[in-house]
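**Q** These are the residues of each chain, in order.
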Amino acid sequence: MSERPDYAAFPDAGGHFGQFGGRFVSETLMAALAELEQTYLALRDDPVFLAEFDRDLANYVGRPSPLYLAERWSRELGGAQIFLKREDLNHTGSHKVNNTVGQALVAKRMGKPRVIAETGAGQHGVATATVAARLGLKCQVYMGAEDVERQKLNVYRMKLLGAEVIPVSAGSATLKDAMNEAMRDWVTNVDDTFYIIGTVAGPHPYPMMVRDFHRVIGREARAQHLEQTGRLPDALLACVGGGSNAIGLFHPFLEDESVALYGVEAGGDGIETGRHAAPLGGGRPGVLHGNRTYLMEDADGQIIPTHSISAGLDYPGVGPEHAWLKDIGRASYVSVTDAETLAAFRELTLVEGIMPALESAHALAYARKLAPTMGKEQSIIVNLSGRGDKDIHTVAAIDGINF
Amino acid sequence: MSRIASCFEALAAQGRKALIPFVTAGDPSPAVTVPLMHAMVEAGVDVIELGVPFSDPMADGPVIQLASQRALAAGASLQGVLDMVAEFRQRNTTTPVVLMGYLNPVEAMGYETFARNAVAAGVDGALLVDLPPEEAEAVAPVFREQGLAQIYLIAPTTTEERMARIAEAGSGYLYYVSLKGVTGSAALNVDEVAVKVETIRKHAKLPIGVGFGIKDAASARAIAKVADGVVVGSALVQRIADYADQPDQIPTQVAGLLAEMRAAMDKSD
Ligand SMILES: Cc1ncc(COP(=O)(O)O)c(C=O)c1O
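Those sequence lines, one after another, are chains A and B.
Going left to right, the first sequence walks through residues 1 to 403 as the UniProt record's numbering numbers them.
Going left to right, the second sequence walks through residues 1 to 269 as the UniProt record's numbering numbers them.
Treat the hints as calculated values from the structure; they're not laboratory data.
Glycine is no exception: its CB is placed at the ideal position from the N, C-alpha and C atoms.
Careful: at least some of the hints might be erroneous.
Said to hold, decoys possible - A short list of chain A residues far from chain B (calculated; beta carbon distances all over 10 Å): (1) V165; (2) K176; (3) D300; (4) I328.
Said to hold, decoys possible - Residues on chain A that point at chain B, a partial pick, calculated with CB under 8 Å: (5) V25; (6) S26; (7) T28; (8) A32; (9) P64; (10) P66; (11) Y68; (12) E71; (13) A170; (14) G171; (15) M183; (16) L288; (17) E297; (18) Q302; (19) I303.
As the list claims (entries may be wrong) - Calculated pairs, DMTMM-like style, for lysine to aspartate or glutamate (alpha carbon to alpha carbon, straight line, at most 20 Å): (20) K180/B x D191/A; (21) K108/A x D45/A; (22) K108/A x E71/A; (23) K180/B x D185/A; (24) K180/B x D45/A.
Full structure from sequences and hints, please.
**A** Listed below in structure tokens is the structure:
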């Protein structure tokens, strides 16, 4: 593309980012999505709503989250200065809560007494159960049976928060199947239920709305970096499952062309093995879960199983805005393997005393490769999207330890 | 005239309603489907809806999800489904066949290739559950050019304004989804359906089929009184599941259910 697009003009009125996005759902949901879209378009310019959202982000979530210069780690890697955007310090331990606070406020405005969500790692489920508790909404969370097993701690947290966790054993029993099941619930209970989608995927207006709620990450990071260094960073790194923490960081920088954007997908055992969860790196465009985007699919258009050490990235699709940013060349999408991720998890824990979520450790693993190729006067912001407590069982099992 | 149009016209002339079974192609194995289609025709069905298996059937309840899984495990593919229809057409050139499924396998094949091959195989229409008219700008002209009917859903949540738009965009027949929910859901309210079908008729010249929640002779008869066609899916697919390990029994078992429905629908008061 020769001319720079007007990023603020995307998605278009139909929810499209170029050929991606849109609203591919069965007819029963079309009216609900239109109603949600109208409500949200009015709220996004409503100063009262925005003030309420900002107040919740400050006093309930604990924003702004710090931008922390990882001095020791940067020195060891011997290149660019690495700043960590500390979304792990948010209430509930990840970036996911920015979005659930926003959507819960929308649900409240729409008078819906019940919310549902899908979750992979359980972070979005926890963040949804949390806001539901606070607002007194009934909450049910769909979670792949395999993920229920590997994220027991979060399952219990959700229960303590008053939510019901519904294991989904259909299909591959992971995040995509949880999303199928949540959609089925929504079709059935569309009158009284608000579906809080946990990432920038799904039918319009979700990719736009979820992005808008996460833009606070990039807005803060941009101002904090300018304040701490007097300049813009040279590169931004974020892991990409559905892509919500990444788009939240990237979006306020899209027009800063000097800032390189890297989305890091889950390479699993390596893209060449086919056992991965990197649709942008190893997939092709198709339609799933209400939007057109890059997907992991076979030649017959069937969605194929994904693999990642991290439940939160174990998803065969990706938000449509990322698909578009890839195709127009504004952002680069790379991947790291499970092994590289684990090494980065251990290294940040030992060197900086910060234990990252395995999802976030994908971005850190790529920072380990990228930083040494850059000058010491340059800088990188890595989105530390969540904390690693929930993953201790997974890492311990790899170390042969059972509690 | 298309097979679908002549079918509904002939029925209307006789004052009868269309019985439209849905079965998932290739469930539980590819060899079952064509004999099953012939057996259903002999039991008195008018149009056959053939489900194209998909890995992520978001709009389907457990019964049809499992059918998709069984079919995929037995090697089903979109091309395989087209081949089944071609084989069916060797002995049956009159019963309309409509494919029902999700967009992604069609995208993977390519709209043009799909439409051409489908028509060549003897398919009359396609209903892509996750493709509302808003997103069909690229597909619609291709289907129209190849002569493949584009069948759309209308739901209880569809506004009248949208009904008109869908009726305008659709061809073949319209499929009214009788309830909010996925396939195989229970509660069917015939009075509500009757009111909706009348509303749709104000905006549509196409025949109107009603599906979701019709599971036996009584519900088939009740819906036949208010609509032009009665679509039965999960009840048949459940019977197929019950006989998955005795596949030779499947055609007679399913035909038996359909024959009861046919009789109930045709019975005068
Ligand atoms: C900490 C953390 N980071 C990232 C993700 C991936 O989601 P997204 O790509 O939408 O940011 C998850 C999802 O569960 C998560 O828990």
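**Q** Each hint should be assessed against the structure and marked as holding or not.
**A** Do the hints match the structure? See the list:
no.	hint	verdict
1	V165	holds (19 Å)
2	K176	violated (6 Å)
3	D300	violated (4 Å)
4	I328	holds (20 Å)
5	V25	holds (6 Å)
6	S26	holds (4 Å)
7	T28	holds (4 Å)
8	A32	holds (7 Å)
9	P64	violated (38 Å)
10	P66	violated (40 Å)
11	Y68	violated (40 Å)
12	E71	violated (46 Å)
13	A170	holds (6 Å)
14	G171	holds (7 Å)
15	M183	holds (5 Å)
16	L288	holds (6 Å)
17	E297	holds (7 Å)
18	Q302	holds (4 Å)
19	I303	holds (4 Å)
20	K180/B x D191/A	holds (9 Å)
21	K108/A x D45/A	holds (17 Å)
22	K108/A x E71/A	violated (43 Å)
23	K180/B x D185/A	holds (10 Å)
24	K180/B x D45/A	violated (32 Å)
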